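Residue numbers (the numbering used here), protein chains in the order written: chain A, 1 to 297; chain B, 1 to 273; chain C, 1 to 363.
No lab work stands behind these hints: they were computed from the structure.
There may be inaccurate statements among the hints.
Stated by the list, open to error - Using 25 Å as the maximum straight-line C-alpha spacing, the simulated DMTMM-like pairs for lysine to aspartate or glutamate come out as follows:
(1) B:K179 with C:E158
(2) A:K247 with A:E157
(3) A:K150 with B:E49
(4) A:K247 with B:D235
(5) C:K361 with C:D27
(6) A:K142 with B:D232
(7) A:K142 with B:E44
(8) B:K219 with B:D131
(9) B:K179 with A:D24
(10) B:K219 with A:E256
(11) C:K173 with C:E188
(12) B:K179 with C:E122
(13) B:K176 with A:E21
To be verified - Computed beta-carbon distance windows for the label pairs:
(14) B:L76 with A:H262: 31 to 39 Å
(15) B:F59 with A:E157: 35 to 43 Å
(16) B:K179 with C:H139: 22 to 30 Å
(17) A:H262 with B:S62: 30 to 38 Å
(18) C:P44 with B:M106: 35 to 43 Å
(19) B:S62 with A:E165: 35 to 43 Å
(20) C:F309 with B:K179: 54 to 62 Å
(21) C:F309 with A:R111: 49 to 57 Å
Unchecked claim - Which residues of chain C face chain A? A few of them, derived with a C-beta cut under 7 Å, are:
(22) R61
(23) A64
(24) Q73
(25) L75
(26) M76
Please read these numbers as outputs of a predicted model, since none were measured by experiment.
Where is the CB? At the ideal position from N, CA and C, for every residue including glycine.
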Amino acid sequence: MSTLALPAVASPTPADLARAERHDRWRRLALVAPALVLIGVLLVGPFAWLATLSFLDAQGSLTLGNYEMIFEQTSTLKILWTTFRVSLLVTFFCAILGYPVAYLLGLLPRRAAAFCLLAVLLPFWTSILVRTYAWMVLLARKGLVNTGLKDIGLIDEPLRLMHNESGTVIGMTHIMLPFLILPLYATIRSIDRSYLRAGASLGARPTTVFWRVFFPLSLPGFLGGLCFVFVLCLGFFVTPALLGGGKVQMIAMIIERNIVMHASWGAASSIGVVLLVTTVAVLWLGWFLRRGRRKDA
Amino acid sequence: MEDSWIPWHRRLPLILFAGLVMLLLVLPSLIVIPMSFSAGDYLEFPPREWSLRWYRAYFDSSLWGEATTISFIAGLSTALLASILGTAAAWGLRLMGRGAPPLLMMLLTMPLTVPVILTAIGIFYLYVRLDLVNSMTGLVLAHTMLALPFVLILVLSRLQGFDLNQVRVAESLGAKPAKAFFLVVLPQIRFAVIAGAVLAFLTSFDEVIVALFITGGGKSTITRVMFTSLRDQVDPTIASVSSMLILLSVVLVVIFQFFEGRGQKAAPAARKE
Amino acid sequence: MDAASRLSLPIAIERMDKRYGAVTALDGVSLRIAAGDFVTLLGPSGSGKTTLLMVLAGFVRPDAGSLTFGDRQVLMLPPHARGVGMVFQNYALFPHMSVLDNVCFPLRVRGIGRADAGRRAEAALALVDLAGYGGRQVHQLSGGQQQRVALARAIVFEPPILLMDEPLSALDKNLRERMQIEIRRLHERLGMTTVYVTHDQREALTMSDRIAVLNRGRVEQYATPTEIYEHPASDFVADFIGESALVPVTAAGDKAALGRQQMALPRPAPAGNSHLLVLRPEKLELLAPGEPAPDGANVIAGQVRDRIFQGDSVLFFVALPEGQVFTFRLQVRAGLAGRLPEEGAAVRFALARQDTLVVPKSA
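Working from the sequences, and respecting the hints, build out all of it.
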């Protein structure tokens, strides 16, 4: 340590003290530095580089051509619209399926809740590929769902459940649900139950208590979770690529195809920039909703 | 029920609905397990005949074998590296306290918020230039970056309840900062660090997209092999691989929950003192 | 471990400044602490007392100033190289170690072997009346016992300087008073220079050789407890120490006037434009109606505004003709009951000339 070696008699000048203070601050920053460098070099740097590329043409001069292409080609616009629609649908299904689960978990005693939470955690921890594969097996033409429905006489012809949008939405909803339930459950757990008893003791009907007191209190976590799910859907690759069977094109897939098949970095990066900007905007919205809510609470 | 402002029989619809959703969350993946013991050329449920055929196929295949080795090496290295870097960063942030620039936390959690497809093409672009494509070093570094935020968040949340006076006292009693950390801080946050390492391992082991771009051929990870197989021509071996992956997840969840629970139990006790 | 074999060091703090943004925590603080003294830093929260202690320990770096332990400038030294023992308000024991390992800690990090360290730790535990508690876990101890362990851990390596940051504030009143005496006794026995931070004036008066009263980052007064109590240097000190009421007076030379009531001062009033008279309940003597004041005493007349029965005493709120109110406490004794002044009654008090304290009014 360099500070040890200083002469012991003279009193340090303010400049010495300020230097030592800076030295301490740098030492704390040095602990964070390796992680920061890794993220800077592998994430921020390359993407900034690619983002720059998206504004250049083949000759290296400034252009908006890549972006014009996105918004002029109907095929790209269609993909953007599909991505948006699928993400919205998945987010919607997550909301109506996930809220009751998180709500019930919040009502259960802690021990029972911890046990039931395993039902959410286990899929959360299972590889996305494995879960997507499971849905491929279930939704296939001769899959479990179709044979089951046929056996009980509901259908005569197998339904097309896979390699289309419905299959993609089903699979993605299954994968995204834990991402909504877990944060929402944490929010619901932290709601002060005395409000509810107060509401009930004032003679309010249970449904009134729920909609007027409980639901608004859970809203920040709910909206935050929904924004997060929506953002994850926007950039999702694995499940739409497999369950969509090439028939459902989403943003992540054209980015991959642009690079792996066409090696057109400019096109891929410009779509990437659009995806990133949308992601940041939605995340910011989620953050803003949560914060705004907390303030007037 | 903890609060009883609604009679519980009126909650029956809720319980049934939520229970059904939870079943739907768990069951689909579990279906794969009985199917993997099928004896036929096609997978069926329930299997008409049981056998270990597809497990034998997995263990006899050099493709799956190599991929498994690659995934384990990458996962373990990632767990080690991410837990070291993540813990160091968390400790640095804790020491900075409120003086930590908000930008810092935003940067450190960026791998969680940026869509993985963008991370993947960025890394691919960089690795092509650094000649790191298809290298274990490149794979581990990329996965470490992706896993960092998990370790950071777990360790940092444990450290928020940690009384910095303990470190001050240790230092004034003669311990250098590093020694104070290893003797006083690390023993108390070790469960969070281990939980973070487990999560980092799984992040690496299950990662598909980055691996899809930067690995290939004999250097493919198990998930990459699975993905290409699922996209092109479904090989029934995948059922046995999936079953084993589910088993691995269950084991890791149990380990994670154990360590995470221990860490949280230790926290309030430590705060009291 | 006794005073004779121990090295204790004097501490000299010179012109110490520390700002946090717009807030001045230390404003040119200078303080000399003699070797072996027990000095208390006393002040309200935000006065800078804890900042000053943290500067001594090395956790806060001042913007300017000098700090010497003996003839060694320590301001640039990190905490671990300063060799001071430290006790925190919340004990800061290491919860993952046994009591003995906690106390061994300073010795072990100094490279002392397990057996030797254990022996010395046992001795330190015995000093704080915790002999035989070494094997316990920290959470099995009561708050008072934890505080003793923290104390043993801070003195086990025989530091020449011991720093304590409100160590007793988490304990209940009885335990606190007992620990005050024990810490004081331990200090007498071990003799290390001790700097003790508290906001409790009674604690400071009980324990200290000298008290430094801090206010807004400055040392208002640095003197012995008696001196601080009997001759507060400023209205802040007079107000902070004891149960005082401060009443504006006009003073010149050794005369002062409280409204129309003239009084004689024991010595010329300190310089300054306006002055305050320090009225402490225990210095006032209630005069029976018509009773003459003792020789040379000043008389203060007023009217009982309110009185509160407090068991062993009665508290009177007395209003002066000019409107200011001060308190007066009368011990309840047999035969006094009928003579207690009623609300609204006119009362007179005698205040000995020696106790007629006048302090300058700060801006």
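Each hint, compared with the structure:
{"no.": "1", "hint": "B:K179 with C:E158", "verdict": "21 Å, holds"}
{"no.": "2", "hint": "A:K247 with A:E157", "verdict": "21 Å, holds"}
{"no.": "3", "hint": "A:K150 with B:E49", "verdict": "23 Å, holds"}
{"no.": "4", "hint": "A:K247 with B:D235", "verdict": "21 Å, holds"}
{"no.": "5", "hint": "C:K361 with C:D27", "verdict": "20 Å, holds"}
{"no.": "6", "hint": "A:K142 with B:D232", "verdict": "18 Å, holds"}
{"no.": "7", "hint": "A:K142 with B:E44", "verdict": "9 Å, holds"}
{"no.": "8", "hint": "B:K219 with B:D131", "verdict": "15 Å, holds"}
{"no.": "9", "hint": "B:K179 with A:D24", "verdict": "16 Å, holds"}
{"no.": "10", "hint": "B:K219 with A:E256", "verdict": "20 Å, holds"}
{"no.": "11", "hint": "C:K173 with C:E188", "verdict": "23 Å, holds"}
{"no.": "12", "hint": "B:K179 with C:E122", "verdict": "24 Å, holds"}
{"no.": "13", "hint": "B:K176 with A:E21", "verdict": "17 Å, holds"}
{"no.": "14", "hint": "B:L76 with A:H262: 31 to 39 Å", "verdict": "36 Å, holds"}
{"no.": "15", "hint": "B:F59 with A:E157: 35 to 43 Å", "verdict": "40 Å, holds"}
{"no.": "16", "hint": "B:K179 with C:H139: 22 to 30 Å", "verdict": "24 Å, holds"}
{"no.": "17", "hint": "A:H262 with B:S62: 30 to 38 Å", "verdict": "33 Å, holds"}
{"no.": "18", "hint": "C:P44 with B:M106: 35 to 43 Å", "verdict": "39 Å, holds"}
{"no.": "19", "hint": "B:S62 with A:E165: 35 to 43 Å", "verdict": "38 Å, holds"}
{"no.": "20", "hint": "C:F309 with B:K179: 54 to 62 Å", "verdict": "60 Å, holds"}
{"no.": "21", "hint": "C:F309 with A:R111: 49 to 57 Å", "verdict": "54 Å, holds"}
{"no.": "22", "hint": "R61", "verdict": "5 Å, holds"}
{"no.": "23", "hint": "A64", "verdict": "4 Å, holds"}
{"no.": "24", "hint": "Q73", "verdict": "5 Å, holds"}
{"no.": "25", "hint": "L75", "verdict": "5 Å, holds"}
{"no.": "26", "hint": "M76", "verdict": "5 Å, holds"}
In terms of the numbered hints stated before, the structure departs from none.
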